[in-house]
Amino acid sequence: MSYLEYNVKHTPSGLRKVLYLNWGLTLLLTAVAGVGFLMLYSVAGGSFTPWAEPQMKRYAFGLAVMFAVAVVPIWFWRNMSVLAYTVSVLLLIAVELFGVQGKGAQRWIDLGFLRLQPSELVKITLVMLLAAYYDWLPMNRTSRPLWVALPVIAILVPVALVLRQPDLGTSILLVAGGGLLMFIAGVHWAYFAAVIGAGAALVTAIFKSRGTDWQILENYQYRRIDTFLDPGSDPLGAGYHITQSKIALGSGGWTGRGFMQGTQSRLNFLPEKHTDFIFTTLAEEFGFVGAVSLLLLYALILLFCIASALGNKDRFSSLLTLGVAATFFLFFAVNMSMVMGLAPVVGVPLPLVSYGGSAMLILMLGFGLVQSAHIHRPR
Amino acid sequence: MRRPTRENAESQRRITRRGLVLGGAMAAFIGVLGLRMRHLQVEQADQFRLLADENRINIRLIPPARGRIFDREGRIVAENIPSYRINIVREEAGDVEEVISRLARLVALDPKELEKAREDLAKLRGDTPVTVADRVTWEDISRVAVNAPALPGVNPEVGLSRHYPVNADYAHLVGYVGPVSERDLKRMDAPDALLLLPRFQIGKIGLEAQLEETLRGTAGTKRVEVNAAGRIMRELDRVQGKAGADIQLSVDNALQSYVHARLSKESAAAVVMDCDTGDLLACASAPSFDPNLFVRGISVADYRALLDNKYRPLPNKAVQGIYPPGSTFKMVTALAALEDGQVDPNETVYCPGHLEVSNRRFHCWKGGGHGNVDLHRSLRESCDVYYYDLALRVGIEKITAMAQKLGLGVAHDLPLTSVAAGLTPTKDWKLVNRGEEWVIGDSVNASIGQGFVLSSPLQLAVMTARLATGRSVTPRLLKSIDGVEQPTGHGEPMGLNENHLRQIRQAMYAVTNNRRGTAYGSRIIEDAFRMAGKTGTSQVRNITTAERARGVYRNEDLPWERRDHALYVNYAPYDAPRIAVAVIVEHGGGGSTAAAPIARDITLQALYGEDPPLAAYPSKDRDRIRTQQDELRRTRPGMAGDSSDRA
Chain A
1 MSYLEYNVKH
11 TPSGLRKVLY
21 LNWGLTLLLT
31 AVAGVGFLML
41 YSVAGGSFTP
51 WAEPQMKRYA
61 FGLAVMFAVA
71 VVPIWFWRNM
81 SVLAYTVSVL
91 LLIAVELFGV
101 QGKGAQRWID
111 LGFLRLQPSE
121 LVKITLVMLL
131 AAYYDWLPMN
141 RTSRPLWVAL
151 PVIAILVPVA
161 LVLRQPDLGT
171 SILLVAGGGL
181 LMFIAGVHWA
191 YFAAVIGAGA
201 ALVTAIFKSR
211 GTDWQILENY
221 QYRRIDTFLD
231 PGSDPLGAGY
241 HITQSKIALG
251 SGGWTGRGFM
261 QGTQSRLNFL
271 PEKHTDFIFT
281 TLAEEFGFVG
291 AVSLLLLYAL
301 ILLFCIASAL
311 GNKDRFSSLL
321 TLGVAATFFL
331 FFAVNMSMVM
341 GLAPVVGVPL
351 PLVSYGGSAM
361 LILMLGFGLV
371 QSAHIHRPR
Chain B
380 MRRPTRENAE
390 SQRRITRRGL
400 VLGGAMAAFI
410 GVLGLRMRHL
420 QVEQADQFRL
430 LADENRINIR
440 LIPPARGRIF
450 DREGRIVAEN
460 IPSYRINIVR
470 EEAGDVEEVI
480 SRLARLVALD
490 PKELEKARED
500 LAKLRGDTPV
510 TVADRVTWED
520 ISRVAVNAPA
530 LPGVNPEVGL
540 SRHYPVNADY
550 AHLVGYVGPV
560 SERDLKRMDA
570 PDALLLLPRF
580 QIGKIGLEAQ
590 LEETLRGTAG
600 TKRVEVNAAG
610 RIMRELDRVQ
620 GKAGADIQLS
630 VDNALQSYVH
640 ARLSKESAAA
650 VVMDCDTGDL
660 LACASAPSFD
670 PNLFVRGISV
680 ADYRALLDNK
690 YRPLPNKAVQ
700 GIYPPGSTFK
710 MVTALAALED
720 GQVDPNETVY
730 CPGHLEVSNR
740 RFHCWKGGGH
750 GNVDLHRSLR
760 ESCDVYYYDL
770 ALRVGIEKIT
780 AMAQKLGLGV
790 AHDLPLTSVA
800 AGLTPTKDWK
810 LVNRGEEWVI
820 GDSVNASIGQ
830 GFVLSSPLQL
840 AVMTARLATG
850 RSVTPRLLKS
860 IDGVEQPTGH
870 GEPMGLNENH
880 LRQIRQAMYA
890 VTNNRRGTAY
900 GSRIIEDAFR
910 MAGKTGTSQV
920 RNITTAERAR
930 GVYRNEDLPW
940 ERRDHALYVN
950 YAPYDAPRIA
960 VAVIVEHGGG
970 GSTAAAPIAR
980 DITLQALYGE
990 DPPLAAYPSK
1000 DRDRIRTQQD
1010 ELRRTRPGMA
1020 GDSSDRA
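These protein sequences, in sequence, are chains A and B. By my numbering, the letter at position 52 of the first sequence is numbered 52, and the numbering carries on one by one without gaps. By my numbering, the letter at position 75 of the second sequence is numbered 454, and the numbering carries on one by one without gaps.
It should be emphasised that the hints constitute simulated quantities derived from the structure, not laboratory data. Beta carbons: idealized from backbone N, C-alpha and C, even for Gly. Just to be clear, a hint being listed does not mean it is correct.
Restricting the straight-line Cα-Cα distance to at most 20 Å, the calculated cross-link-like pairs of lysine to any residue (SDA-like) are [claimed, not checked]:
{"no.": "1", "chain 1": "A", "residue 1": "Lys-246", "chain 2": "B", "residue 2": "Leu-414"}
{"no.": "2", "chain 1": "A", "residue 1": "Lys-57", "chain 2": "A", "residue 2": "Val-32"}
{"no.": "3", "chain 1": "A", "residue 1": "Lys-246", "chain 2": "B", "residue 2": "Val-421"}
{"no.": "4", "chain 1": "B", "residue 1": "Lys-621", "chain 2": "B", "residue 2": "Thr-597"}
{"no.": "5", "chain 1": "A", "residue 1": "Lys-246", "chain 2": "B", "residue 2": "Gly-410"}
If you anchor each label on the Cβ, the simulated ranges turn out as follows [said to hold, decoys possible]:
{"no.": "6", "chain 1": "A", "residue 1": "Ala-94", "chain 2": "B", "residue 2": "Ala-407", "range": "44 to 50 Å"}
{"no.": "7", "chain 1": "A", "residue 1": "Asn-140", "chain 2": "B", "residue 2": "Ala-407", "range": "29 to 35 Å"}
{"no.": "8", "chain 1": "B", "residue 1": "Ala-569", "chain 2": "A", "residue 2": "Ser-47", "range": "43 to 49 Å"}
{"no.": "9", "chain 1": "B", "residue 1": "Pro-531", "chain 2": "A", "residue 2": "Glu-218", "range": "34 to 40 Å"}
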């Protein structure tokens, strides 16, 4: 048990743990969630139903989960990593077999009280597994091909399952999240250069394969790429999302139209206004100032995580905290790029703001782990 | 498992290094996102705000109220009445069939309309209102409103619909409106955007069509905020349109109604014209039809019935119908000869009952002949041979010139559909149109208004008014537009010899007031209102020699379609002309028996302004007239205290 390496005499115990929580981080998370409540209240036309109120309840539940995870010692979670990863991959397989159809993609297991999205869960369990792996792996083996191949397999197994659903957004997040963690753990630069080169080759192959028998992506995914590259080509069809999103965003101007005055979202020009595209409503109603404020809140959350990670002498804790931060970063970076027309529409929610239970619960779970690492850091 | 402290410290450094690189990369990307926001929200904000407004703001047209039409006294002839309909919006209704079945329990739904509505509901966009019941009552609307919670997506709507309160009396003059058709749109170069509104109505025929632009008005606009589905969320502002101009007709409603009633049993037409102003006081074509049927969309059966009616209710016979004028044309020939100096009024022509012209025998209507006939007697007793003789002397060109001077053969400028020009033939006309030389027999036929000569009842009334006044009176149908009085058709003197005109007028007086006149039976007893007239009987067939020999000539023995047209023109009072009247009864037989009595009744009605006293009629006719008046009073709309007076 590696925690014996450290002097854990000063690790808080019992209720005192609450005092050692990363309260700044908690406050930032709540502020971001608050922005979410405000926007959900606004897009519902000034009503707590149907979105703001359930979202608040979920956040409260999420906070409870975070605290529960935080008070459990971090070494317990490290020991659970392999199990957690295995269970989530099994759940992904179960989704293949018993999943419920939704939005053209098979993503949920209906547990009755909750629709579980294993593809969300695996984002965190993959980070846990990789952090535990590199915690266990002696440093000098980090960049050896065999020891690089193992985590790559661990990443690709869930990615393959998620792609089958098909869910391009989550696949990208998993690959990028896993890759970033390997990068932090110290895998040699050359590997990443090779992967990026191979990725470029793959993109070429994807475009070349279009319309042939061995076509790699689904037709709707090709269309989304097309409309991303030229939204004007089909402004009322597939390009509608991007065009309308940019219109709403741009019309916000410096300070926006004012709370609840966003005409584009209120008049339903915006698609998915309460989920993936909620950022456009924020940008329309609060303008550049509001949008940059949210971006700064996100940046502060990252900063708190990085600071906590770098100040933590436990390798698993550091890697896990940075991994969760990277995943969180990927969430909002991809979502914002998407709504601002910098990336194709892939279906990634804005973390803690978009309406939706699964993603929020998983992120709060992740931040619970970050808090646990923070509380139980060696002193 | 313990790790050496050195390795641990080394790994810690590496994580710190890589963590900082990652943090830097994240910060850089966040910077890119921020710059992108700046680009969209600050630099391109104006452009996007414009696009956003284009998205949400729609301009909707507000249809203007159509101009109303009044008679000369201000009684309403065409108006706009509120029309209620019930619409369903599919995406609001949810279960459309359930909503329809609930609605059917409240309001009687027409199965045909419902079928069409179901088609539209399935076919059109979910947010398009589809009419399931049109022209429902206020009570129906109230019932729907009360039950609104149980009827999601059901919206009552109020619009304006054209209504013609006096039904058939103005069907031919005012015409009717109807929905805009593809053909209407193709006809126009740049159709008003209003015409594209669903259920917008435009004039289809008659005045409604000819004065469409005047009556329509201009559309108002309102700017509305719409959602992505196109539904109106709120109104931002509106610009009022301009209602169409009201129009006042020259027609006198009471007289028009009387004329219609008087003609009702015949296929006939009558025009009453004011000799001073040219105002058409009445202009009727019988039988008529209810224009309101067309506004609603006439049923196939009703339309079929109108088309199959052998009395042809649809065309306006008063201005579109052209007939050989028969003996009513004789004034033209006589005046042409007098003006040409070819004939002295006292000179006599011997009528043996026929005239041989280039080996062809032209008969007088009176088989035995009239003997010696002068101008006066020729009109009074309508001798044909006298006019054959004049035609030979004067020639067709001068007769035609006189006809046109008197208003025949020209299309008078009236805002009505297809105003007929009729025909006053010339030698050139025949060469061009028939490819044959003019023969003298053509002139002989034309001299008594047969052959190629064709005229409408309107033209005959104009001719009569011009003979009565010596001025070129022109017909006027519009008294005022939007309160602006229109120029009258008083006309300038035609420059005809007053003495010649007097000769004609005296002869026309004798037609009705001389015991030997052809219309003596239809004379007026009241001295102040005595009339001058002329009968006409125009053949619609050639009488064969065999028929003439057998003596089968009586109209009553022929099928209706082959009987002669009966015509009568007159003006009154004789010494101070106020009105000119022309009446034609299609296949009515003789002008003196079929047309003259009608013209006499209309004349008296117009001069008295009400039912004339029986004293105005010859004593032996009074019993019959009393019965007729009683009967007509019952059939005329609006006679019970003039309830149609709403202006």
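Hints, verified against the model:
{"no.": "1", "hint": "Lys-246/A to Leu-414/B", "verdict": "holds, 14 Å"}
{"no.": "2", "hint": "Lys-57/A to Val-32/A", "verdict": "holds, 15 Å"}
{"no.": "3", "hint": "Lys-246/A to Val-421/B", "verdict": "holds, 13 Å"}
{"no.": "4", "hint": "Lys-621/B to Thr-597/B", "verdict": "holds, 5 Å"}
{"no.": "5", "hint": "Lys-246/A to Gly-410/B", "verdict": "holds, 19 Å"}
{"no.": "6", "hint": "Ala-94/A to Ala-407/B: 44 to 50 Å", "verdict": "violated, 40 Å"}
{"no.": "7", "hint": "Asn-140/A to Ala-407/B: 29 to 35 Å", "verdict": "holds, 31 Å"}
{"no.": "8", "hint": "Ala-569/B to Ser-47/A: 43 to 49 Å", "verdict": "holds, 47 Å"}
{"no.": "9", "hint": "Pro-531/B to Glu-218/A: 34 to 40 Å", "verdict": "holds, 38 Å"}
Figure legend: structure checked against the earlier numbered hints; the only hint not met is number 6.
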